[in-house]
Each structure stands twice: as C-alpha cells, then as structure tokens.
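S.K.: Here are the chains, one letter per residue:
Protein chains: 2
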Amino acid sequence: METDVLIVGGSAAGLMAGITARKHYPEKKVTIVRKEDKVLIPCGIPYTLHTVDGPENNIIPDEAATGKDIELIINEVVEIDKENKNVKLKNGELIKYEKLVLGIGSSPFLPPIKGANLENVYTVKKDFELLKEMRNKVKENKEIVIIGGGFIGVEFADEIRKNDDTNVTIIEILDNVLSLVCDDILCEKAENKLRENGVNVLTESKVIEIVGDQKAEKVKLESGKEISADVVIIATGVNPNTELASEAGLDSNSKKGILVDEYMRTSDPDIFACGDCVEKPSYFGENFQAAWLASIATNEGRVVGANLYNLRRKKQKSIGIFSTIVDDLALGVAGLTKKQAENAGIEVVEGHAEAINRHPGSMPGAQLLGVSLIFQKYDGIIIGAQVYGADTAGEFLNILGLAIEKQMTAEDLATLQVGTHPALTASPVPYQLINAAEDAVIKLNS
Amino acid sequence: METDVLIVGGSAAGLMAGITARKHYPEKKVTIVRKEDKVLIPCGIPYTLHTVDGPENNIIPDEAATGKDIELIINEVVEIDKENKNVKLKNGELIKYEKLVLGIGSSPFLPPIKGANLENVYTVKKDFELLKEMRNKVKENKEIVIIGGGFIGVEFADEIRKNDDTNVTIIEILDNVLSLVCDDILCEKAENKLRENGVNVLTESKVIEIVGDQKAEKVKLESGKEISADVVIIATGVNPNTELASEAGLDSNSKKGILVDEYMRTSDPDIFACGDCVEKPSYFGENFQAAWLASIATNEGRVVGANLYNLRRKKQKSIGIFSTIVDDLALGVAGLTKKQAENAGIEVVEGHAEAINRHPGSMPGAQLLGVSLIFQKYDGIIIGAQVYGADTAGEFLNILGLAIEKQMTAEDLATLQVGTHPALTASPVPYQLINAAEDAVIKLNS
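Chains as they are written, first to last, in our numbering: chain A, 1 to 446; chain B, 1 to 446.
Next comes chain A alone, as it looks inside the complex (with noise of 0.2 Å):
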C-alpha cells in the first residue's frame, strides 16, 4: 500500500493534521492510521458518565475524516522504518509514504498505590469499551472515589454526583483541587461548589493503598483514615507516548516527548509528530510546563498538516488556556498564576473585577462573572488570567488568551475597545477585564 501523507492517530492532533493536510494540499493523498474502532471526543470524556448518557454519544465521526476524502483504516502501526519510508502494521501489511505524521497520544500516569491492579479501579484512558464499562460501574455502585483533584478529577467528581444514590469522594494530596493550575480564589470556588453539591472533598491527603479482596472496598489514606469505595477512579495525568518514536530512532524523551524542531519536524524531517505526544514549549519559557490540552493538540495538527511540503507555520508556545464548569460555575485559566509565577519569582500585581454580564441585570440569563489578571510589575505585562462565574467565561478567556500572547500592558487592556450588550455581555461601565485591568493600573501606579 502506499499513500502520500500518512497519520498515526485518529484523535484531535492526528485528525487536525490530516483536515488541515488536505485543505493544503489538496493533489496529495491523506491516510490516518488509527488503532481505535471508535474514537472519543477527549474533553467530552468526564461528560458520558451523565450528561450526554454515555460515550456512544461522545464520538468523533469517521465523517470528518472520510467526509473530507481523507483515507481510514483501522489499524494499529506497530514499527515504523523511516529508511525506506514506510510503516509495518500489525497484521504485517507495510503502508509506504511520502510524509508521516505521529498523532499517537499518550497515557494515563498511573502512580504506585499499592492496589491499583484490583478490579473496579480505573484509569481514564480514551478508550471506548474501557469506558462504557466504567460508567456501567459507576452507575450500579454507590461509593465513587476519584483519586487526583486536576481538572478531570474535578469534572469526574461533578458528573459522578449527578447520579442518583451516589456518594463521590474526591482525594487531592495539595492544598486544594485544582491547586496546580488555578490561584486560591478559583480553588475555593470550586471545592465550595462541589462540597455544596455533596461531593466530598478531601485535601493534603495521600493515597497509599487501595484496599479490597479482588475488587476494590476501600482507599487507605496516610494519615489512617479510610474511605469505602465501591469503583476508584486514578486522574494524576498522562505522560506521552514515545516508543513506536524512540524505537524507530526519532529523537524523544520519555517523560516530556517526542522532540521536534520549530516547524513541528521530529529528528527525521519527511516525520512530523503534534499533539499529546510531542514536547511542549511553555510560551514563558523554560521555567514553566506547558498543559497537554486538546486544543493546543489541534493547533499543532494545524501547524503540521501546513508544513508538510512547505515549512510555513512555526511552532507555538504554549500559553495554557483552559477553562471548566463545576454545576452552574464556569471556570479558567489563561497564562501563568500567580502563585506559578511568585514561585517562579516574578514579582506580579494582581487586578480584580466582578459584575453581571448583562444589563440591566434584570435582563435574562444574568450571571456574575468576574475576572482577576496578573501582571509583571516591572513592565505591567499581562502573563496570567483567571476568570468564573457565567458560562460566557469560555470565550472571555479567549479574548484574555490574545492579550497575554500580545504581551499588552494593564493600561492598554484598562481603555481596550469592547463591545456590549445588555442581553450579551456585562455593561460597559464595570465590564470585568477592563476593569480588572484599570485595579491594576493604580496599584501599579501606586
């Protein structure tokens, strides 16, 4: 067999890459390779244990590869030979190319609790039979525990309680769920909003053991306490998948990724590599790690399918923007925290906005929204952004997300021209960012 442009992968990166490949480049023939018969939405995964009732309704149609005249087959590649520039499948059946693209993902982190080989534990891997027979689990047992309080433990611990005769108890080993990637005020928010539905939140606890016969009966913390637990659910990260890269002698690192140069190329140049498995530049430098996020994923499937046959797209780095909801509580982050950042020892100043975003807010669907930015002080740089409250807050943080990569100053973001509207937006008056940006104008100035 033989095709012109060949994907490993069927998820977000590999399906951009090979999308954006065909718009590019439309003489070329476009072929994704994927293991999976049925490929998840990856951010809707927390979402089949309730809201959309099920993973058959969290799928990724083959229609928007095949709709799009690019070539399917299910497959998994097991070898790659970048001599003779093809790949072996695992039914022996070689696939020659002209370019290949590595769109392969990566894994749960699975850390070393004693126990976690005992039925009814799961991690959260895109899987879909995995995951049907976790919602199964979930929906016939009563005692849920979520070990790791990221944004999927959080989402997990909110779907989960949705259910009826359900108890949901959440373990984080930080201070607070959400705690790497959020300040205090979006922590506590969110831990209140997930108490308050019923969730049980337990923080600066340390799982040591998974206790049970055969399955699961109980979460063992260090501190002696114990907490029955008909399933557990292990959310602690992914780490990228590298070896199909490493053994076919591509430059990787099996903890950050598959390296690749600033045009996406790995060591070979005719193999590109984006998504989960490739090595994440933090647009802040050095200093800071990059989120493995979908959507930085499909920027990359973008900036790949592009360079295929022409290196016009360079790599970007990464700022981090992604946001969440907690029952009616959107939530997120854009760019650094403040703690990430005084960590860091970036001095910062901090401006803060809350209003309602319509007016007047007797208007429909009126919700607080509020908005707190970080800048450096020497430069009164924005680097950071937070943002809850009304489920606007998605595409706020975008608007948020342009300004830190356009490195505006508190003073350019405090007279930034904006539109409102009452059934839409908050008034122009306390609208959240400018005035968020105008706190930190006379602080800074102070």
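I should point out that these hints are in silico values taken from the structure, not numbers from a laboratory.
Mixed in with the good hints, there may be bad ones.
Copies of the same chain look alike in the list, so a pair counts if it fits in one copy or across any two.
DSS-like cross-link-like pairs, simulated, lysine-lysine; straight-line CA separation at most 25 Å [unchecked claim]:
#1 206 x 189
#2 443 x 23
#3 406 x 317
#4 314 x 406
#5 23 x 377
#6 377 x 406
#7 443 x 68
#8 314 x 377
#9 29 x 443
#10 338 x 23
#11 215 x 339
#12 85 x 443
#13 28 x 443
Go by the hints and put chain B onto chain A.
M.R.: Structure of chain B alone, referenced to chain A:
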C-alpha cells in the same frame, strides 16, 4: 460652589469619567451635574418595552456615582465661562471648576418627515418620562410602525412584537435592515428572524408622511402604500449635542461633534469631552465613519478621567464593535463589513465557518455559532468580523475586535491559541474563528 473636577452629564461617558477620575485622583473633589432625575442605561432602552418590564428597571443607580464619593447635582448647565472657569446652572448658580468634562451626549436625528410632530410619534430619547409614555402607548395600541431599520429599530421591533395582540412594521429605506452596518448574510438572518416572529419588514421603502388628525393614523410610503399606525417610533440615528460647547467658544462641528485633541482635550486645555458629543475618528482612517456606542463613550470616559491632571491616555481610534440579539439569534460586527471595505476600494478575502458551540453537540445549551472574517487581500490583515448565532457571540466578537486592533493576519489567526471546553465552546477542531481564518488562508494562497 466650587469643585475640582466638574462633569456635565451623568450617562455612560460622564459617569465613567467620574469613576475613573476618582480612582486616579483620590484627593480631588469630583462632581457630576446632570439634568435627568433618573438616568436610563442607554443600551437597555429597547428592553424596557417588554423584557425588563419598564424603564424603572433600566436605571443607572445614583449609587454608581455617590457610592464612589462623587457628588451628584441634578440641574442643568446652561453656560460655560472658560475664562473664569465656572459654569452657570439653570437657577443662575455658578460652579467653579479646575477641570471640566463635557459628556453631554447626542439627540435623535429627526428626518424631515411630514407629520412627525403628530401625537403618538416618538423618537428614541434618553428620557425616562417620555420612554414610560411611549411604553404605555405601545402596550395600549395594536399597530406599531418603526421608521429606521438600524440596530435600534431592529431591537425595538423585536421587543414590541413580544407584546400580545400587536402588529409591528419596520420600514427601512435601504435594501435590508442593518444594511449600513452588516453584510448581507447577517442582514438576511436578522430579517428572516423578524419575519418568522411576525414582524412586517419593509425594505427599500421611503416614508414621506405620517398621516393623522391629531394622532398618528397611518404612515405613507413613497410607493403610495399606506400602513396603519397607532404609534410611530422614529429611529434614524443621532446628532451630537454641541451647543453648550460651541456657545462657550470651544471648537466643534454640529454634525461630527465637539473637537478634541489626542488626549481628549477640547480647544480649552482644562475642558475635556467624551461620549456621543465628541467627534470620533475611525480606526480605519478618514474614509470611514465611527459608530456612536455606549462602549465607546465609556472608553472615552476612561481616557478623560485618567488624563485630567496627567496626560497619560491617548484617544482611541474606534474599531466599532457592537452586537445585538433578535429573538434567539445573536448578531455582531467588529470593524469593517465587506461592503464598506469594497466601497472604499479595498480588495478583500472573506473566510467563513460555522459550528455548534458545544462538543459533543448533545451538550446542554448547544447552538450554532457562525463567523465571517474580512481580510485585506494584499497583506492578509484582518479588518472586519461578523458573528451570528449563539449568545456567546457577544464575547466572541471581543476576541475578534482585539485581533483587528492588533492587525493580525489570517495566518496568525489560523494558528491562534484558544481554550475550549465541551460545556462552553465549540470543539477545537471546528472552532469557528480559526476555521474561518484557515478558509481565508487557503483563498489568499490560491
């Protein structure tokens, strides 16, 4: 009487100038003189007719000023003596100032239509009692005719049609409603939505007379057609209020507004002006006209308030970012339309994309959101954007306004970093802004 900062006008611009002055110059005495007993939230005026149930629910609370230690005087300034730095009130009293700010707004432009002085014919004034009267008339009567299909006319039509037993007709002289500010795609969507909801939309129709004895009875078109009219609302734009300024010898233009320098000082350096009463330059140069919006007025208020004793903020050239909603269809524009650009002689490329603003599409709150982006053909820089569909359109447009301000190219936007979330935004794969930009990239390349 004596104050440090005296502000004439208590609507968006004046209030914002006052709040900003208070933050930047806490040691100064700040006084607002306004003639209205109650100040309407300007953008909320249409919504008093139905949604928020009356003008009394659409008031800027005095507390917005007095709660920030700004003195509030309800009176009318009738004369400015710039030599002696004082103003005269209607009752003859003088107020001495160090710095004077004019935020004296605009008045409805009344086209020369015969019968415009009949009873039950209204213009859209920021006048509480008049609005209350108009609301009552609209509620009591059946046949309501709106002359002018701009944003205000459309908002009035969409509100009034929500009342029981009401026939609403909107009469627009151009080929479409919103035609001066939107491209055809948005105009048609707005028109269709109005018609679906029973509004009688007449385009390419010129009103020549409002016919009636004492009260309005019908509206006569140039075509000879007559439309029954119990109440007529004229919404055909505004003119700046400049009289007070020009009588005081300050430079002004009765059509364009009071003239100010780059720091928003009038021809007297101790007198500043902001809001609808001030001339507005367009971001896009002299060939284009800037809109008059409350969001621009507040922006100018923030510039003036900060500059009073220390010139630190430059007047913004207006990009023009505004949005509205017709029934459940949000619409918005930032920058130039395709029509405006082409009429001025700029060759453009348009990129377009639509997607559901959730992922998977079965997530609650899923609505379509579509985006059209206008780029200069010769350099690929974005000069305009139009958004329609979901009510996240309001904040979405503010991302685009910033992209225009920062002169980003289609290529920049095709790899823009954004945050996405199943419950808050589109998936990163079909994310509208990026895909519309990619659409333009492909067209620019070919």
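S.K.: Within, between, both or neither: how does the pair residue 28, residue 443 come out at a Cα-Cα threshold of 25 Å?
M.R.: Answer is between: at 18 Å across copies they meet the 25 Å cutoff, but 56 Å inside does not.
S.K.: Should residue 406 paired with residue 317 be assigned to within, between, both, or neither, using CA atoms and 25 Å as the limit?
M.R.: both (13 Å within a copy, 19 Å between copies)
S.K.: One pair to classify: residue 377 and residue 406, alpha carbons no more than 25 Å apart. Within, between, both, or neither?
M.R.: Both, since 17 Å and 23 Å are each at most 25 Å.
S.K.: Cα distance capped at 25 Å. Does residue 29 pair with residue 443 within a copy, between copies, both, or neither?
M.R.: Between. Shortest inter-copy distance 21 Å satisfies the 25 Å Cα cut-off; intra-copy 57 Å does not.
S.K.: Quick one: residue 314 to residue 406, C-alpha cut-off 25 Å, is that within a copy, between copies, both, or neither?
M.R.: For residue 314 and residue 406, both the intra-copy (16 Å) and inter-copy (19 Å) Cα distances are at most 25 Å.
S.K.: Within a copy, between copies, both or neither: which one fits residue 443 and residue 23 at a CA-CA cutoff of 25 Å?
M.R.: between (48 Å within a copy, 10 Å between copies)
S.K.: Using 25 Å as the alpha-carbon threshold, which applies to residue 215 and residue 339: within, between, both, or neither?
M.R.: Classified as neither: same-chain Cα gap 40 Å, cross-chain 67 Å, threshold 25 Å.
S.K.: At most 25 Å between CA atoms: does that hold for residue 85 and residue 443 within a copy, between copies, both, or neither?
M.R.: neither (59 Å within a copy, 32 Å between copies)
S.K.: With identical chains treated as interchangeable, where does the CA-CA distance between residue 206 and residue 189 reach 25 Å or less: within a copy, between copies, both, or neither?
M.R.: Cα proximity of residue 206 and residue 189: one copy only (22 Å, versus 56 Å across).
S.K.: I want to check one pair: residue 443 and residue 68. Are their C-alpha atoms no more than 25 Å apart within a copy, between two copies, both, or neither?
M.R.: Cα proximity of residue 443 and residue 68: across copies only (18 Å, versus 53 Å in one copy).
S.K.: Check residue 338 against residue 23 for me: Cα-Cα at most 25 Å, and say if that holds within a copy, between copies, both or neither.
M.R.: between (41 Å within a copy, 24 Å between copies)
S.K.: For the identical chains here, do residue 23 and residue 377 meet the 25 Å Cα criterion within one copy, between copies, both, or neither?
M.R.: Between copies only: 19 Å across, 44 Å inside.
In terms of the numbered hints stated before, the structure departs from hints 11, 12, listed from lowest to highest.
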